[in-house]
Amino acid sequence: MDNPWKFINLSDYENHMQLDTVMQLQMLNDMMKVQLNSYSVDSVMVLGIAGGNGLEYVDPQKYSAVYGVDINSGYLQEVKRRYRNLGDLLKCICIDLISENSKLPNADFVIANLLIEYIGYDCFKNVIKQVKPKYISCGIQLNTGEAFVSDSPYLHVFDGLNRIHHQMETVELIGHMSNIGYQHLSTTEYPLPNGKILVKVDFVK
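Residue numbers (our numbering): -4 to 200.
Read the hints as simulated data drawn from the structure, not as lab findings. It cannot be assumed that every hint is accurate.
[As the list claims (entries may be wrong)] With a Cα cut of at most 20 Å, we get these calculated SDA-like pairs of lysine to any residue: (1) K129 with V199; (2) K28 with I93; (3) K57 with K124; (4) K127 with S38; (5) K129 with R77; (6) K129 with I169; (7) K75 with D7; (8) K127 with V36; (9) K86 with D37; (10) K57 with Y34; (11) K124 with R77; (12) K124 with R158; (13) K75 with S94; (14) K98 with I88; (15) K28 with L180; (16) K28 with G170; (17) K120 with K75; (18) K129 with Y116.
Model the full structure from these sequences, guided by the hints.
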């Protein structure tokens, strides 16, 4: 069965994420600004890039390659359109991380925001073993008893995600990454208006 992310309209996704009651688009943008400026690296891979939220913080003087990875080819077309200014620096890769991660190139740094929830810890570890980054920064959502998709007029757009969603826990993520040789560097929490929390967890090899 096809991955439901292939069928979710980008405008529906972004309109949901930026609602005042959700605020995730804005919070993820702030997180990306921090992530892209945190480490001395030459290349970065953004897994589950969607519409490219936060790529405006890419410093072309710092990065020689920015890989945008997503399963939805329409999302990647929009990323290319929105960030034409990045030129050849931006390299979009349309693959299913669950079945095609062997096609990924190496990168110094991996950013994975709201991505591990939809592929699971084991698949994420396989992706990391393929890409071999020195640094990883993960944004995960803690649901604190709430449904993983916040209530909004766009709620039913996301109905298909139930069958691929994995509940995330910070301690569990740290344990999984330790198992493949990554040391926990930091944890930062970003509270959301509906009681959920975005948690940025960083690792180093």
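Structure-based check of each hint:
1. K129 with V199: Status holds; Cα separation ~6 Å.
2. K28 with I93: violated, 27 Å
3. K57 with K124: violated, 24 Å
4. K127 with S38: holds, 12 Å
5. K129 with R77: violated, 28 Å
6. K129 with I169: OK: K129 and I169 at ~16 Å, within 20 Å.
7. K75 with D7: holds, 19 Å
8. K127 with V36: Holds, at roughly 13 Å.
9. K86 with D37: holds, 14 Å
10. K57 with Y34: Judged against 20 Å, a Cα distance of about 10 Å means the pair holds.
11. K124 with R77: violated, 30 Å
12. K124 with R158: violated, 25 Å
13. K75 with S94: This hinted pair is violated, its Cα atoms lying about 24 Å apart.
14. K98 with I88: holds, 9 Å
15. K28 with L180: Given pair K28, L180 holds - Cα atoms ~18 Å apart, limit 20 Å.
16. K28 with G170: violated, 26 Å
17. K120 with K75: violated, 28 Å
18. K129 with Y116: Answer holds: K129 to Y116 is near 18 Å, not above 20 Å.
Violated hints, in rising order: 2, 3, 5, 11, 12, 13, 16 and 17; the structure is consistent with all others.
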